[in-house]
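2 protein chains.
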Amino acid sequence: MALLHYPVLGKTGETIASAITNLDLHDIARASKTYGVQSFQVIIPLDDQRRIAQEICEHWTSGPGSRSNPHRKTSFDLIQISPDIESALNHICQQTGSFPQTIATSANIIDGSISYTTCRQLIQSIEPNLLIFGTAWGIAPEFMDQCDYILKPIQSQSSYNHLSVRSAVSIVLDRLVGTFERFTDH
Amino acid sequence: MALLHYPVLGKTGETIASAITNLDLHDIARASKTYGVQSFQVIIPLDDQRRIAQEICEHWTSGPGSRSNPHRKTSFDLIQISPDIESALNHICQQTGSFPQTIATSANIIDGSISYTTCRQLIQSIEPNLLIFGTAWGIAPEFMDQCDYILKPIQSQSSYNHLSVRSAVSIVLDRLVGTFERFTDH
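As you go down the protein sequences, you meet chains Y and W in turn. All the letters of the first sequence, read from the start, carry residue numbers 52 to 237 under my numbering. All the letters of the second sequence, read from the start, carry residue numbers 52 to 237 under my numbering.
These aren't lab readings, by the way, just hints derived from the structure by calculation. There could be a bad hint or two in this list.
No copy labels: a pair is met if it fits in one copy or bridges any two.
Cut-off 25 Å, straight-line C-alpha distance, at most; resulting in silico cross-link-like pairs (SDA-like, lysine to any residue) [unchecked claim]:
#, residue 1, residue 2
1, 124, 231
2, 124, 199
3, 62, 146
4, 62, 198
5, 124, 157
6, 124, 113
7, 62, 114
8, 62, 125
9, 62, 110
10, 62, 211
11, 62, 74
12, 62, 175
13, 124, 159
14, 124, 65
15, 124, 72
16, 124, 209
17, 62, 121
18, 62, 166
19, 124, 70
20, 62, 73
21, 124, 204
22, 62, 100
23, 62, 119
24, 62, 231
25, 124, 74
26, 124, 73
27, 124, 161
28, 62, 128
29, 124, 61
30, 62, 112
Assemble the whole structure, with the sequences as input and the hints as a guide.
Have a look at this one:
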């Protein structure tokens, strides 16, 4: 799992570096731990923002938070903060022995995007995969173009297409890894 | 959809009234709008907390936020703040002509809880249903006992069972209302 803060789109479509949102770290770390994700890469190039992220993580992994809430520590232990995607890929390669394939996500319909079924099969492989979510108004096209795959958007029946990244991560993980009786009983 | 702040469980199992979390309102309103939910009842008995919730909502529905982010306004328009469940049920009855059936959610396995398939069928009825999520450590048993149904927990394969309520709402809505190719292509 990766959460990208640069390059992402701003409100008017320009490429920006976004700021850290505290609850992104909490909610995505907790969902990652729930669904068996092996690492959560927080990619953030701005030094001051990266320091804030680091301080939040230290609070929960080794500071007072780790003692007051051990479950939160377990999920925050998945977080690795990286200045760019190359560092994140290198870190995963060091952990697993292989560079991961990259799977970008988008709220938009993009030509050639893969289905949830295909993605489910992909991530069942022993080789590592990195599922990437963008903050702000989503992953910038120049980054998207360099990813190996793009996953289809969540798309509900409604025309309202403005989930938080925290919700989107949770839903996509449940679709890709979750098991419930829709899949097993019917 | 309802988000319950009382009676819910505290860290040590006592019944408490929890505080408002700003991003609960945002994320759950956005997910509700995405999945076609008709109203989002925020149930909170403490006067000062209810005023905070009201101020947040007014910022996005009629204040500066409504002009800077019209999409956010559309989702916040679903929110109704109520001091207790009776007010929430009355409000829904005024809107729809019927008192809704109540469906409680829990992170724990509880005897007699209904499957996602059963719940999907239930909410396809023309009669209103109210899906209730607890804040803090979840809905208190004395409240749960009075609900018409309890939905099975999300339960992933992992033993880590600590999703945020924001994630839980998103996943449950996708399971109950979402459509993607697992359901339609195969």
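Worksheet entry | Intra- versus inter-subunit Cα pairing at 25 Å for residue 124 with residue 231 | This pair counts as neither: shortest intra-copy Cα distance 27 Å, inter-copy 34 Å.
Worksheet item: For residue 124 vs residue 73, is the C-alpha pair at or below 25 Å within one copy, between two copies, both, or neither?
Response: Answer is both: 15 Å inside a copy and 23 Å across each meet the 25 Å cutoff.
Worksheet item: How do residue 62 and residue 128 come out at 25 Å by Cα distance, when the copy is not named: within, between, both, or neither?
Response: between (32 Å within a copy, 22 Å between copies)
Worksheet item: Is it within, between, both or neither when you check residue 124 against residue 74 at 25 Å Cα-Cα?
Response: both (14 Å within a copy, 21 Å between copies)
Worksheet item: Between the shortest in-copy and the shortest cross-copy C-alpha distance, which are at most 25 Å for residue 62 and residue 175: within, between, both, or neither?
Response: For residue 62 and residue 175, neither the intra-copy (36 Å) nor the inter-copy (36 Å) Cα distance is at most 25 Å.
Fill in: Homo-oligomer pair classification [residue 72, residue 124; C-alpha up to 25 Å]
Answer is both: 18 Å inside a copy and 21 Å across each meet the 25 Å cutoff.
Discussion item. My question is about residue 62 and residue 166: at a cut-off of 25 Å on alpha-carbon distance, are they close within one copy, between copies, both, or neither?
Written reply: neither (28 Å within a copy, 40 Å between copies)
Discussion item. At most 25 Å between CA atoms: does that hold for residue 62 and residue 74 within a copy, between copies, both, or neither?
Written reply: Both. Shortest intra-copy (21 Å) and inter-copy (19 Å) distances satisfy the 25 Å Cα cut-off.
Discussion item. At most 25 Å between CA atoms: does that hold for residue 62 and residue 198 within a copy, between copies, both, or neither?
Written reply: So residue 62 and residue 198 pass the 25 Å test inside one copy only (23 Å; across, 42 Å).
Worksheet item: Is it within, between, both, or neither for residue 62 and residue 211, if the alpha carbons may be no more than 25 Å apart?
Response: within (17 Å within a copy, 36 Å between copies)
Fill in: Alpha-carbon proximity context of residue 124 and residue 157, limit 25 Å
between (29 Å within a copy, 23 Å between copies)
Item to complete: Go through the copies and call it for residue 124 and residue 204: within, between, both or neither, with a Cα cutoff of 25 Å.
Response: between (31 Å within a copy, 23 Å between copies)
The structure fails to meet hints 1, 2, 3, 12, 18, 24, 27 from the earlier list, while all remaining hints are met.
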